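Protein chains in written order, with our numbering: chain A, 1 to 224; chain B, 225 to 497.
These aren't lab readings, by the way, just hints derived from the structure by calculation. Bear in mind that the values here come from a model prediction, so they are computed numbers and not experimental data. Here a beta-carbon is modelled for each residue, glycine too, at the ideal position from N, C-alpha and C. Among the clues, some could well be false.
Ranges between beta-carbon positions, derived for each pair [stated by the list, open to error]: (1) B:S298 / A:M33: 15 to 25 angstroms; (2) B:M316 / A:G92: 38 to 48 angstroms; (3) B:L464 / A:V158: 49 to 59 angstroms; (4) A:R63 / B:L377: 41 to 51 angstroms; (5) A:V64 / B:A391: 24 to 34 angstroms; (6) A:D17 / B:F302: 47 to 57 angstroms; (7) B:G324 / A:S36: 18 to 28 angstroms; (8) B:Q336 / A:V43: 48 to 58 angstroms; (9) B:A391 / A:V158: 30 to 40 angstroms; (10) A:G161 / B:L342: 39 to 49 angstroms.
Residues of chain B placed beyond 12 angstroms of chain A at every Cβ, according to the derived structure [what the hints assert, rightly or not]: (11) P232; (12) R288; (13) L342; (14) F359; (15) L377; (16) I447; (17) P476.
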Amino acid sequence: MADRHKNVKSKYTEERDMPGSFEGETVTRRRFMTASVHTMGGVAAAAFTLPALGFALGPLFSRVPFQWQPIGVPSDFPNNTYVAKVLTIVPGVGEVGKSIAYVRARDPSIDTEHADQYNQFVALSSRCMHLGCPVRFTPAAQRFICPCHGGVYDFRGVRTGGPPVRPLDRFYTRVRNGLVEIGPRYSVNSELHRFSPRDPGQPLDGIGQYLYPKRFSTSVLPKD
Amino acid sequence: MPRLPAPPLPKILQPKPQRPGSGNGKLAPTDAAAEAGLTVVDWIDERTSLSGGVRWMLFRKVPRGVNWFYTLGSATMFAFLSQAVTGVFLAMYYRPDATGGAYESMRYITDQAFLGQLVRGMHKWGASVMVILVFLHMARVFFFGAYKYPRELTWIIGVVLLILTIAMGFTGYLLPFDQRAYWATIVGVNINGTGPLVGPYLSDFLRAGPEFGATTLSRFYAIHMLLIPGLIAALIGAHLYLVTKLGISAPPWLRVEPDSDPQSELQPERAEV
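Chain A extracted, bound-state conformation (with noise of 0.2 angstroms):
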């Protein structure tokens, strides 16, 4: 029996005429060098080309944190016409770090949307969500309108015109200690439905929501 095997020769092995290398061996030791020289050169690129893509695609994945910023007296806001305030959104900036909100206080006659401790003052965003130019209230016309591309909004922030794809952004706004503060961006579906902050540009309603998912970047609300 032991000999009907002997004069097989084995198929994987294909140099067996290495010196040194035997029948029947797979793996011989040149095979063994040239698969650890890669294995270590691999391991060497990798040791430096990791640390930098994560270093360069860190920001996606850290959370910026935001402060409650005060922007006046409850006073300070009608609920028929809009107040600008400067919000520092990225801090130590300057100017590139600033944003304007258009703020008044709810009026339940229009403000339809479900009321809660942090919608009691709208403050919507005057970045306009077709691509990012800042909108301007025009008492006149009681319009937001975009020196852009010409989106125009309604009163509430819902798009009427142009090429937005959904109302203007929000931020949450609480009163603490008499003062108005104003927290972290949210964004809004046609049907004013709060969603995590996406950019401008993306579509909340029906499928949009899930191409253009949540980002692991923004602020998020905490619970208290």
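Got chain A sorted already, so can you dock chain B onto it with the hints?
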């Protein structure tokens, strides 16, 4: 090693051989000085064989009928070189500081630095020139059918170079950090963000966070002056290697002429390296 054939110098520039019987076999000092350049080139060439590569690249056969349209590729490359040189020197004065230093340093370059306005202008207008030349070059290759077999890979690398050139335009546009630069970048990043599924994360990557922040400018600056130029230079090398290796294509209006001598290499479609 075998001596390379002499370059095709005009007769007046070739060294005169000594008359038989004169001299002692050594070069006179003046002749040695006159040939110093050649000696240095020979010394380097004996150790590197570089001249073979240069000859391979420059003294190659080209098809009959090549014309000025064939210079658009070189023109694009020189536009890139101009951008690289002026960019390096602009970087000596520029500060990627979002709190106002960037704009101030641009003002210094434009208003005060000697020739600053010129060098900045070359970089700014050269950028537009490069984009235009890239498209003209691409149109030439398309309309001449020069992307066809075996030059598909050259075309693909060219398309990647086009994308990188556009990315250079996008990242460079922010650097002056005036109102136009800021808002154009806001809009551009948000256009990026409209890509389904990956868009939101891509714009987070570009901005280094959910909002335009302290490191967005330096991130754009690093991409603009380190990452993409390196890629472009490497890919231009690959593009040129393929151009030389495959030869350039004949203009489409040339027809194959029946040749009495089948061994002739002068048929335009046979032109090869």
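Checked hints:
no.	hint	in the structure
1	B:S298 / A:M33: 15 to 25 angstroms	violated (46 angstroms)
2	B:M316 / A:G92: 38 to 48 angstroms	violated (27 angstroms)
3	B:L464 / A:V158: 49 to 59 angstroms	holds (56 angstroms)
4	A:R63 / B:L377: 41 to 51 angstroms	holds (44 angstroms)
5	A:V64 / B:A391: 24 to 34 angstroms	holds (26 angstroms)
6	A:D17 / B:F302: 47 to 57 angstroms	holds (55 angstroms)
7	B:G324 / A:S36: 18 to 28 angstroms	violated (54 angstroms)
8	B:Q336 / A:V43: 48 to 58 angstroms	holds (51 angstroms)
9	B:A391 / A:V158: 30 to 40 angstroms	holds (36 angstroms)
10	A:G161 / B:L342: 39 to 49 angstroms	holds (46 angstroms)
11	P232	holds (45 angstroms)
12	R288	holds (48 angstroms)
13	L342	holds (29 angstroms)
14	F359	holds (24 angstroms)
15	L377	holds (25 angstroms)
16	I447	violated (10 angstroms)
17	P476	holds (42 angstroms)
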